[in-house]
Amino acid sequence: LDEPTVHLDIAHQMEILELVRELNTGQGLTIIAAMHDLNLASLYFDRLILLKEGKVWADGTPNQVLTEAGISEVFSALVRVEQHPLTGTPHIVIMPRGSANHQK
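In my numbering, the protein residues as written are 4 to 107.
Mixed in with the good hints, there may be bad ones.
[Unchecked claim] What follows is a set of in silico ranges between Cβ atoms, one per label pair, in the way DEER data are often shown:
1. Gly29 - Glu56: 16 to 24 Å
2. Thr33 - Val9: 20 to 28 Å
3. Asp62 - Asp40: 14 to 22 Å
4. Arg100 - Ile34: 19 to 27 Å
5. Leu89 - Thr33: 21 to 29 Å
If you're looking for bench data, these hints aren't it; they were derived computationally from the structure.
Nothing here was measured: the structure is a model prediction, and the numbers come from that model.
Where a beta carbon is used, it is the ideal one built from N, C-alpha and C, also for glycine.
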């Protein structure tokens, strides 16, 4: 699947990814999806592969792959990685440039 949730509202994103998860867990289908929404990927997929310049940079569970250092290296972005309050999976919070020490 190539960006299966792009341009969809939240309800339809969830509907598509729940269907994909059911196809995987219920019917045993292998699912390969390219996604740029790392938070959705973390919520719905057990294994993630992070690419940098077309090469595998990290491969593993969301907790193994979605680290602050890894995301910073691959995307040149300042982020905080927190735990999702319900699932415990990584949840990425984007930090605006210049806000490293700024708390609201």
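Checked hints:
no. : hint                       : in the structure
1   : Gly29 - Glu56: 16 to 24 Å  : 36 Å, violated
2   : Thr33 - Val9: 20 to 28 Å   : 21 Å, holds
3   : Asp62 - Asp40: 14 to 22 Å  : 19 Å, holds
4   : Arg100 - Ile34: 19 to 27 Å : 35 Å, violated
5   : Leu89 - Thr33: 21 to 29 Å  : 26 Å, holds
Comparing the model with each earlier hint shows violations of hints 1 and 4; every other hint is respected.
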